[in-house]
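*Asks:* This is what each chain is made of:
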Amino acid sequence: KQEVTQIPAALSVPEGENLVLNCSFTDSAIYNLQWFRQDPGKGLTSLLLIQSSQREQTSGRLNASLDKSSGRSTLYIAASQPGDSATYLCAPSSGTYKYIFGTGTRLKVLA
Amino acid sequence: NAGVTQTPKFQVLKTGQSMTLQCAQDMNHNSMYWYRQDPGMGLRLIYYSASEGTTDKGEVPNGYNVSRLNKREFSLRLESAAPSQTSVYFCASVWDRASGYTFGSGTRLTVV
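If you read the protein sequences in the order shown, they are chains A and B. Residues in the first sequence are numbered consecutively from 67, following the working numbering. Residues in the second sequence are numbered consecutively from 65, following the working numbering.
Extracted from the complex, chain A is given alone in its bound form (with noise of 0.2 Å):
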C-alpha cells in the first residue's frame, strides 16, 4: 500500500527565502507524480505533474525533482512571497490512475 509522507509538516519563513518541500513514498512503481496547491477553505490547484521518467519539472519559481528509485520528489519555491502562503500536497499516482496524497505542508511567508 502507497503511504505518502510530506516534511515538514508546517513552515514559517520571511519573504524572500528559497524553500524546499519534501515528500517521500514508499512504493517506487508510480506512473507520475503531482504537486498541488491548497488555499484554506479552497479546492486543490494542480502545480506540477512530473512523469515516472523525468528527474524534474519547472514552471516560474517551481521546480520539482523526482527520485522514483529512492521514492522522495522535492518542490522548490524560489523567492518566496506572502502569495505563497498556502498548503502544499504530493500525490504520486499508482495502479488504475489512483493519486494518493500526503498531509501537505503547510507553508506560511512573512512580509
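Quick caveat, the hints were computed from the structure, so don't treat them as lab data. Hints are not guaranteed to be accurate.
In silico EDC-like cross-links for lysine to aspartate or glutamate, where the CA-CA straight-line distance does not exceed 20 Å [stated by the list, open to error]:
| id | chain 1 | residue 1 | chain 2 | residue 2 |
| --- | --- | --- | --- | --- |
| 1 | B | K135 | B | D120 |
| 2 | B | K73 | B | E143 |
| 3 | A | K67 | B | E123 |
| 4 | B | K73 | B | D102 |
| 5 | A | K67 | B | D120 |
| 6 | A | K174 | A | E81 |
| 7 | B | K135 | B | D90 |
| 8 | A | K67 | A | D93 |
| 9 | A | K67 | A | D133 |
| 10 | A | K174 | A | E83 |
| 11 | B | K135 | B | D160 |
| 12 | B | K73 | A | E69 |
| 13 | B | K121 | A | E83 |
| 14 | A | K134 | A | E83 |
| 15 | A | K108 | B | E143 |
Based on the hints, put chain B in the right spot on chain A.
*Replies:* For chain B alone, coordinates are given in the frame of chain A:
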C-alpha cells in the same frame, strides 16, 4: 469554463438523512474520483471510476455508493448520513495515466 463542477457547495444534513453529491466534467476525461478531506488525515479516496460503466472501491468506501451516470457525470450518495461523514468532498477527473488530476472546488458537508 472547462473543468470539474461539483454541486452543492455546502450542505447540512441531519443524521439518517440521505443525499447525493453531483460531479460533472466537460473535458472528456475517462476516469473520475471521489475523495474526502478531513483535518490531519489528508485526502482519502472513497470510490473511483476508471472508465464509463465501471466503479471500484477506494480506501474508505463504507457508507457511500456511487454511480457513473455517463462519461461526464459521477455521483456520490450517502444513504444514511452519520456525523463521521462530516467532511469536505472533492471530485477529480483525469484523461489517462500520463495526465494529472483536475479537481472540483469541493462540497462542504456537515452532518448533525
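*Asks:* Okay, which hints does this one fail, numbers in order?
*Replies:* Violated hints: 12, 13, 14, 15; rest satisfied.
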